[in-house]
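Chemist: So in our numbering, spot 190 of the sequence shown is number 193, and the numbers just go up one at a time.
Treat the hints with care, since some could be wrong.
Pairs of lysine to aspartate or glutamate residues, derived as DMTMM-like cross-links and limited to a Cα-Cα distance of at most 25 angstroms, are as follows [to be verified]:
(1) K131 with E164
(2) K165 with E264
(3) K156 with E264
(4) K229 with E188
Cβ-Cβ distance ranges computed for the label pairs, FRET-style [said to hold, decoys possible]:
(5) Q36 with V162: 17 to 27 angstroms
(6) S216 with K166: 18 to 28 angstroms
(7) D25 with F87: 42 to 52 angstroms
(8) P121 with Y38: 22 to 32 angstroms
(9) P223 with D132: 42 to 52 angstroms
(10) R275 with K236: 14 to 24 angstroms
(11) S216 with A251: 43 to 53 angstroms
(12) P223 with P121: 47 to 57 angstroms
(13) E66 with D13: 18 to 28 angstroms
(14) P223 with E170: 48 to 58 angstroms
(15) V162 with R12: 24 to 34 angstroms
I should point out that these hints are in silico values taken from the structure, not numbers from a laboratory.
Here a beta-carbon is modelled for each residue, glycine too, at the ideal position from N, C-alpha and C.
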Amino acid sequence: MKQSIKISRDTSGRIIVDFAYDPTRVVKVKTIQGYKWHPKEKHWSFPYSDGVIDRILSIFKGEKIELDPTLQVTKKSLKTEINFEDLRREFTFRKYSPKTIKAYIHYNRDFLQKSKKPPQQVTNDDIKDYLFHLAEERGVSTSTLNGAINALKFYYGTVLEKKFIYEVKRPRKDKKLPIILNKEEVPKILSALSNIKHKAILMLIYSGGLRVSEVVKLRPEDIDSKRRLVFIKGAKGRKDRYSLVSEAALETLREYWKKFEPSSKWLFPGNRSNQHLHSRSVQKIFTNACKKAGITKEVSVHSLRHSFATHLLESGVDLRCIQEILGHKSSGRYIRTSSHIPPIWMYI
Numbered sequence: 004m005k006q007s008i009k010i011s012r013d014t015s016g017r018i019i020v021d022f023a024y025d026p027t028r029v030v031k032v033k034t035i036q037g038y039k040w041h042p043k044e045k046h047w048s049f050p051y052s053d054g055v056i057d058r059i060l061s062i063f064k065g066e067k068i069e070l071d072p073t074l075q076v077t078k079k080s081l082k083t084e085i086n087f088e089d090l091r092r093e094f095t096f097r098k099y100s101p102k103t104i105k106a107y108i109h110y111n112r113d114f115l116q117k118s119k120k121p122p123q124q125v126t127n128d129d130i131k132d133y134l135f136h137l138a139e140e141r142g143v144s145t146s147t148l149n150g151a152i153n154a155l156k157f158y159y160g161t162v163l164e165k166k167f168i169y170e171v172k173r174p175r176k177d178k179k180l181p182i183i184l185n186k187e188e189v190p191k192i193l194s195a196l197s198n199i200k201h202k203a204i205l206m207l208i209y210s211g212g213l214r215v216s217e218v219v220k221l222r223p224e225d226i227d228s229k230r231r232l233v234f235i236k237g238a239k240g241r242k243d244r245y246s247l248v249s250e251a252a253l254e255t256l257r258e259y260w261k262k263f264e265p266s267s268k269w270l271f272p273g274n275r276s277n278q279h280l281h282s283r284s285v286q287k288i289f290t291n292a293c294k295k296a297g298i299t300k301e302v303s304v305h306s307l308r309h310s311f312a313t314h315l316l317e318s319g320v321d322l323r324c325i326q327e328i329l330g331h332k333s334s335g336r337y338i339r340t341s342s343h344i345p346p347i348w349m350y351i
């Protein structure tokens with residue numbers, strides 16, 4: 004018969020887990036982040052947090068546990084909160100992107116703070132009240148509301164298996180058209196850039212219709228100059244694809260490489276060579292270039308991608324081909340936009 008597992012706290016506040024040697028238990032303990040083995044005392048310790056205690060109780064569920072009385076309150080309180088560390092692990096296991104994981108955890112945490120209820124007591128009305136709060140009081144966009152709904156549906160639907168969450172209706176889609184830069188404006192923006200690295204980044208985005216999250220994660224080997232293609236690995240929806248690189252963009256890229264020859268694995272490293280440039284930095288580059296070029300339209304760096312697609316469409320390129328280049332499930336937005344701009348195509 005297995006001996007009980009003792010859980011307590013030491014004088015420094017760390018959680019102590021003590022049990023007679025058992026290889027199965029050792030494997031389980033090592034799945035908890037921050038573990039430390041103390042050979043003299045022959046026990047394990049962990050940094051204190053409700054999440055760690057919850058994890059310990061979870062992996063040893065069904066076994067005899069002696070829980071220190073000072074931790075009994077914590078054990079009770081665990082039922083009123085989400086174990087965000089476990090939730091993060093579940094997202095990671097399902098191959099969600101780091102950006103999506105961060106957003107989903109944010110919305111679940113924000114909702115609990117707003118509802119002030121344990122997850123098991125949450126109702127359909129609580130969810131609706133929170134979404135109304137986001138829409139009316141915070142004035143968030145439709146896409147943000149959909150992100151919040153996805154986050155809540157995952158936890159309350161997939162994890163807690165609450166059926167009411169599937170009754171929550173999604174907001175109507177915004178009917179805003181993307182703002183397109185015309186054939187004079189794109190060259191103006193590029194000409195306003197004196198930094199060759201910055202120019203290479205924006206030219207790659209425009210010439211291939213790349214997302215900003217894609218261009219910052221490019222590696223040197225992703226550029227196929229002979230075929231004038233760029234390989235995008237693990238793009239949105241975890242799909243690989245190829246896109247275009249214009250000759251002008253390649254020339255600028257060669258000039259950038261010759262001048263800087265970055266020793267990083269990234270084509271565009273950030274302040275630290277082991278990290279790629281941040282998406283926000285690219286947005287700042289674009290915003291500053293627009294100001295210098297005198298562009299008054301309310302555009303973002305993503306507008307270069309919209310412009311690329313629209314210009315291809317207006318030049319007679321097949322819509323399905325554009326859809327494949329963009330990595331889109333649908334290119335409907337470009338059909339709507341095409342009637343609002345003159346036929347143009349730029350070889351930039």
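Chemist: If a hint holds in the structure, say so; if it does not, say that too.
Modeler: To see whether the hints hold, each was checked on the structure:
| no. | hint | in the structure |
| --- | --- | --- |
| 1 | K131 with E164 | 18 angstroms, holds |
| 2 | K165 with E264 | 54 angstroms, violated |
| 3 | K156 with E264 | 46 angstroms, violated |
| 4 | K229 with E188 | 29 angstroms, violated |
| 5 | Q36 with V162: 17 to 27 angstroms | 20 angstroms, holds |
| 6 | S216 with K166: 18 to 28 angstroms | 35 angstroms, violated |
| 7 | D25 with F87: 42 to 52 angstroms | 29 angstroms, violated |
| 8 | P121 with Y38: 22 to 32 angstroms | 28 angstroms, holds |
| 9 | P223 with D132: 42 to 52 angstroms | 50 angstroms, holds |
| 10 | R275 with K236: 14 to 24 angstroms | 21 angstroms, holds |
| 11 | S216 with A251: 43 to 53 angstroms | 23 angstroms, violated |
| 12 | P223 with P121: 47 to 57 angstroms | 51 angstroms, holds |
| 13 | E66 with D13: 18 to 28 angstroms | 22 angstroms, holds |
| 14 | P223 with E170: 48 to 58 angstroms | 50 angstroms, holds |
| 15 | V162 with R12: 24 to 34 angstroms | 29 angstroms, holds |
Hints 2, 3, 4, 6, 7, 11, counting from the list given before, are not met by this structure.
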